[in-house]
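Engineer: For reference, the chains in residue letters:
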Amino acid sequence: MSREPRTPEARASGLGLVIPEAAAPLANYLPTVRTGNLLFVSGQLPLRDGVLMARGKLGEAVDLASGQAAAAQCFLNVLGQVRAALGSLADVRRVVRLGGFIAAVPSFTDLALVMNGASDLAAAIFGDAGRHARSTVGVPVLPADAPVEVEALFEIGAD
Amino acid sequence: MSREPRTPEARASGLGLVIPEAAAPLANYLPTVRTGNLLFVSGQLPLRDGVLMARGKLGEAVDLASGQAAAAQCFLNVLGQVRAALGSLADVRRVVRLGGFIAAVPSFTDLALVMNGASDLAAAIFGDAGRHARSTVGVPVLPADAPVEVEALFEIGAD
Amino acid sequence: MSREPRTPEARASGLGLVIPEAAAPLANYLPTVRTGNLLFVSGQLPLRDGVLMARGKLGEAVDLASGQAAAAQCFLNVLGQVRAALGSLADVRRVVRLGGFIAAVPSFTDLALVMNGASDLAAAIFGDAGRHARSTVGVPVLPADAPVEVEALFEIGAD
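Protein chains in written order, with the working numbering: chain H, 1 to 159; chain B, 1001 to 1159; chain U, 2001 to 2159.
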């Protein structure tokens, strides 16, 4: 009898996390598009119940811990979009790639630590299937003055 | 008898838009690469007849309307590259993803509105097949001091 | 009898270049992920023997030639990751896409010239198979204050 929760949803729940309802896009685009076995997820902001968890830039109004929490929330919102697209997370074969955009002042170089908020959560929820390729970069500003934006690419089960 | 123009080219023409001749890359790379049913399009700048429509940053030298027009022109240039690669736009199955890079000062947060210039045009030209995943971020500077750069991924008909 | 070296490794060697051992990721993610015939490579920094070749921004502490050398080193590190994933570079069918992130002050617009350090090397090592789609953008800051980060997508031989 395994004590390891079997589904990604159960693992998230075991961490005390709630995968949110999918937020509507801010503009004229789709939250996800599937092509073949790939599911592209639009850049997600750290919205919680429709409100940004933090605003501003790392190295200025937003500290490291808040940035990491924002990155984790972005990834939860990614999962909300995946669940809305597929009905559940059961068909996720793996997280292929995350792109992390961190709003930061030019002197803030701990960008990788911020993005770990998303990457660590991916591994916690999906196990080995959650380990992904990643690019993390600083940006001067994000939509709505969000501190973090995370885009994602998933491999999903065949039709 | 449908009054809806049937081809993307006809829809663009009906909007008074011209899909331009493909511009040569600024350096040692290709404007498009196909792998399987995916066509990757290199980041396009808002060139029109070989000249940038605007230079500088949103929130500084470039206002919102000019930024939106620049984003639309970037998408037209994307289509010019797709047409050059495929011979026409008839084999486009859908726009999968757009990446929007907006040169902006750190206080300019209306990045999504700028990128809508590209996204709205994609929907107008391709209908439902034009609705795409998208990531939009601010950047401090783009090649040649362009205000907007748009990269794209298309799903195209099988060989 | 051809005088053209046949393998990418031999071409690199002919250029006096060494494809390095793969560096460990800076955090909780993987250097590469394969899905189907696509190999996604995480953003690579210009590390050489574990040390950044340069730190800081183009237009400030880093000049054009140093930026180009850094971009070339990023691409060599990309190849180190590909070789570690596949055992050799023999199964590379082509370089599909490079993403270039250049840490730059807002007045530095020669971003494409910097990224050519990576693109020119791809063509030199892989020939026509090295010509790729590309997006190049400026960013205010990169992890560890690196001046350049290059991510990559390869098409590889079937299983």
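No lab work stands behind these hints: they were computed from the structure. Watch out, some of these pointers could steer you wrong.
[As the list claims (entries may be wrong)] Label-pair distances were calculated between CB atoms; the ranges are:
1. B/1127 to U/2036: 41 to 49 Å
2. U/2024 to H/7: 36 to 44 Å
3. U/2049 to B/1144: 43 to 51 Å
4. B/1007 to U/2144: 31 to 39 Å
5. U/2105 to B/1127: 41 to 49 Å
6. H/37 to U/2048: 34 to 42 Å
7. U/2061 to B/1090: 36 to 44 Å
8. H/7 to U/2010: 45 to 53 Å
9. U/2157 to B/1061: 35 to 43 Å
10. B/1128 to U/2037: 34 to 42 Å
Beta carbons are placed, not taken as given, at the ideal position from N, Cα and C, and that holds for glycine.
Engineer: If a hint holds in the structure, say so; if it doesn't, say that too.
Structural biologist: Right, here's what the structure says about each hint:
1. Separated by about 28 Å at the C-beta atoms, residue 1127 of chain B and residue 2036 of chain U break the suggested range of 41 to 49 Å.
2. As the Cβ distance of residue 2024 of chain U to residue 7 of chain H is approximately 31 Å, the hint placing it in 36 to 44 Å is violated.
3. Between residue 2049 of chain U and residue 1144 of chain B the CB atoms are about 35 Å apart, so this pair departs from the stated range of 43 to 51 Å.
4. At roughly 49 Å, the beta-carbon separation of residue 1007 of chain B and residue 2144 of chain U lies outside the given 31 to 39 Å, and the hint is violated.
5. Separated by about 42 Å at the C-beta atoms, residue 2105 of chain U and residue 1127 of chain B satisfy the suggested range of 41 to 49 Å.
6. A C-beta distance of roughly 37 Å is found between residue 37 of chain H and residue 2048 of chain U, which places it inside the suggested range of 34 to 42 Å.
7. For residue 2061 of chain U paired with residue 1090 of chain B, a C-beta distance near 50 Å fails the hint of 36 to 44 Å.
8. In this structure, residue 7 of chain H and residue 2010 of chain U meet the distance hint of 45 to 53 Å, their C-beta atoms being roughly 49 Å apart.
9. With their beta carbons about 48 Å apart, residue 2157 of chain U and residue 1061 of chain B fall outside the hinted range of 35 to 43 Å.
10. Judged by the Cβ atoms, the range 34 to 42 Å given for residue 1128 of chain B and residue 2037 of chain U is violated: they are separated by roughly 28 Å.
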